[in-house]
Amino acid sequence: MVQKTLKCSTCGNTLTLEVSTQEPTYATCPKCHTRAVYRPPPLVTKYTLQSSMETLQVTNVTKFYKAFKAVDDVSFSVKKGEIFGFLGPNGAGKTTTIKCILDLIHADKGMISVKGFDTRKEGKKAKQFIGYLPEKVAFYDNLTALQNLHFYAEMKQLPKEQCASLISLVGLEDVGQKKVGEFSKGMQQRLGMARAMLGSPSLLILDEPTNGLDARGVVLIREQIKQFRDKGVTIFLSSHILSEVQAVCDRVAIINKGRIVAQDTVDALRMRLQLKPKIVLELQEVTKEMIDAVEKLDGVDAVNVIGKMVHVMCKPYVKAQVIVTLTQKGAKIDNLHIMEPSLEEVFMKFTEETV
Amino acid sequence: MNPQPVFFIAKKEFMDNFRNKWVIVLTIAFALLAIVFSLFGSIFGSGWQDIGATVGVLTSVVTLIIPIIAIILGYSAIIGEIERGSMNALLSLPTTRFEIVLGKLFGLGSILASAIFIGFGIAGIIIGLNIENPDVAGYIIFIVATILYSWVFLCLALFFSTLFKKRSTAMGGAIFLWILFIMIIPTVIQGLLFAEVGFEAVISGEGAQIPDWYFAGRLVDPGSVYTSLLTLSIADAVDPGNFFQTPYPSYYSAALMTVLLIAWISIFFTLSYWRFSKKDI
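Line by line, the protein sequences are chains G and Z. Under this note's numbering, the residues of the first sequence are numbered 1 to 355, in order. Under this note's numbering, the residues of the second sequence are numbered 1 to 281, in order.
Treat the hints loosely; a few may be bogus.
[What the hints assert, rightly or not] Counterexamples of contact, computed for chain G against chain Z with all Cβ distances above 12 Å:
id: 1; residue: V219
id: 2; residue: R229
id: 3; residue: K332
[Claimed, not checked] A few chain G residues that don't get close to chain Z, going by computed Cβ distances all over 10 Å:
id: 4; residue: T16
id: 5; residue: K31
id: 6; residue: F68
id: 7; residue: K79
id: 8; residue: L169
id: 9; residue: R251
id: 10; residue: K257
id: 11; residue: Q263
id: 12; residue: I291
id: 13; residue: D298
id: 14; residue: D301
id: 15; residue: T325
id: 16; residue: L336
id: 17; residue: S342
id: 18; residue: E352
[To be verified] Each pair of labels, with its calculated beta carbon distance range:
id: 19; chain 1: G; residue 1: E344; chain 2: Z; residue 2: P3; range: 50 to 60 Å
id: 20; chain 1: Z; residue 1: R84; chain 2: G; residue 2: D264; range: 33 to 43 Å
id: 21; chain 1: G; residue 1: L158; chain 2: Z; residue 2: I72; range: 31 to 41 Å
id: 22; chain 1: Z; residue 1: W274; chain 2: G; residue 2: Y65; range: 19 to 29 Å
id: 23; chain 1: Z; residue 1: N20; chain 2: G; residue 2: L275; range: 51 to 61 Å
Hints in this document: simulated from the structure, not taken from any laboratory. Model, not experiment: these values are computed from the prediction. Each residue gets a CB set at the ideal place from its N, CA and C atoms; glycine is no exception.
Chain G extracted, bound-state conformation (with noise of 0.2 Å):
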């Protein structure tokens, strides 16, 4: 462990860290709450790099179905202890390329591995570390909850004993006897949860984890992600909800018509769109010296005034001075706040453009 300090991409504040020399080290923001990662430098050679850091690596991946190209040449890689966020609107291919990483699709091209094992030449030992939840979770509907988690800890040769302490980790301990025929959709979703789970897995392949759960689902299975977050497990996690990816990935590919058409942090991704934040103040009075000040700031592109509210679209790094500027004509401030430009926005930036 060394002492390292790294510079908060939102606010700015310095953060002084003990940080691993081998993996990504993580923490938050004390004043914004944004999450940090300090990676290593990359290390001497290619084995190393890949076996170490790189739980999943997919290489030039293509699917054909018949004529029409599902996946295209997608690569990317998630490190260990990441959580990727894979984003594409309905028919661009994220689950496609999911069903080619567990290899219940063969792609036509292209190499994907797990903690350096090809899923296709050495299939078993690369699934023993993969725990997968799949967008349409199914189960024998003849079997309990506890039957059904049984079979599956019996196939991955586990201990039968941790299927009953999983099942109340899902809320299910009530109905863990009950058939899951009878289960709903929410209560399905949250037994395939508890499924991925078996045995610890290093890599979490969730595809949707929480379509079609209530509010209080939703929640649970959020506080599980960061739960294995925290825990250091690596998740690949396919969501149409942007707000979701947004809050717990630390970095995001988004696929449109098959291809990869953008890789990154969200941060990174504003930057290079160079989305700007937009902020809203709200003052006691509004002068036109106050207005005019602000306009001549370097960074600041658009200042609209409606009432006592002022909207002021600028750079990143002239947020704070937009502030003081107010502040030194004179303004008074009665609320502030801050709108940074969404996931959504980005998405919509690069699924538009690649249209």
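Could you slot chain Z onto chain G? The hints should help.
This is chain Z only, laid out in the frame that chain G set:
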């Protein structure tokens, strides 16, 4: 290959069918069938028939119903799980497609094997207690041959389960094959025989000589192979497809018939695995 996933899949298949009473129903049906046929099977004599005569009468019914039961058990084994969505989860586990198909075969095969063994076994004991000098070895051969015969159609149904995208199509295809093997192929071969020997000669049995090609042709039909195996192995057992009980050609042997049944099982199992290994789920 790891035997543990194969065992657990087979165990699950067996327990599922045990829970829904399939095994019990089949066992009772087989036992009753053998007892009734032994007790009332002959119009030439009253009382319990010996093993050969019982097997002879049973064979004509068994060749029809065993394939249907095997097809009902097997046609949805793979496609049913794919349609339901549970195959996704199964294939995400550290197991191979070969182990899954093998587990399905052993699981469903053990249902058929135990129902045949226990059902016909209980009937055999009851028959044996009521007749003199029962042919125990012959009856055991009958049970083993029936199990092999059921597995031929089970593997055929498994293959169709991997071949189609819908369970209903797989069932339709498997039933078509049952009609092909049980009705069309034997009828075509017999039709050719009538054409060559003459219908009158076959019906009257006077001066008719069964040509060698007829026996060679029968080897492509698992039902004929099964009945030939029983006729060759059990004294007094009668092959209903062998008109006038003409002696079999010299190349006909119990060993050849056993090898042919095992070959059918191997071919359909290999085709099932090959098709499943190529399938996108």
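Consistency of the hints with the structure:
1. V219: Fine: 24 Å to the nearest Cβ keeps V219 of chain G off the interface.
2. R229: R229 of chain G is indeed farther than 12 Å from all Cβ atoms of chain Z, at 21 Å.
3. K332: Consistent with the label, K332 of chain G stays out of reach of chain Z, its closest Cβ about 60 Å off (over 12 Å).
4. T16: Its Cβ never comes within 10 Å of chain Z, the nearest being 42 Å, so this holds.
5. K31: holds, 41 Å
6. F68: holds, 13 Å
7. K79: Holds, since 22 Å exceeds 10 Å.
8. L169: Consistent with the label, L169 of chain G stays out of reach of chain Z, its closest Cβ about 18 Å off (over 10 Å).
9. R251: holds, 23 Å
10. K257: About 20 Å separates K257 of chain G from the closest Cβ of chain Z, which puts it past 10 Å; holds.
11. Q263: holds, 24 Å
12. I291: holds, 59 Å
13. D298: Its Cβ never comes within 10 Å of chain Z, the nearest being 54 Å, so this holds.
14. D301: The assertion about D301 of chain G holds, with a minimum of 48 Å to chain Z.
15. T325: holds, 57 Å
16. L336: Correct as stated: the minimum Cβ-Cβ distance to chain Z is 48 Å, above 10 Å.
17. S342: Given a closest Cβ separation of 32 Å, the condition holds.
18. E352: holds, 31 Å
19. G:E344 x Z:P3: 50 to 60 Å: At roughly 51 Å between Cβ atoms, P3 of chain Z and E344 of chain G fall inside 50 to 60 Å, so the hint holds.
20. Z:R84 x G:D264: 33 to 43 Å: holds, 38 Å
21. G:L158 x Z:I72: 31 to 41 Å: Hint holds: Cβ distance 34 Å, inside 31 to 41 Å.
22. Z:W274 x G:Y65: 19 to 29 Å: holds, 21 Å
23. Z:N20 x G:L275: 51 to 61 Å: holds, 58 Å
No hint from the list above goes unmet by this structure.
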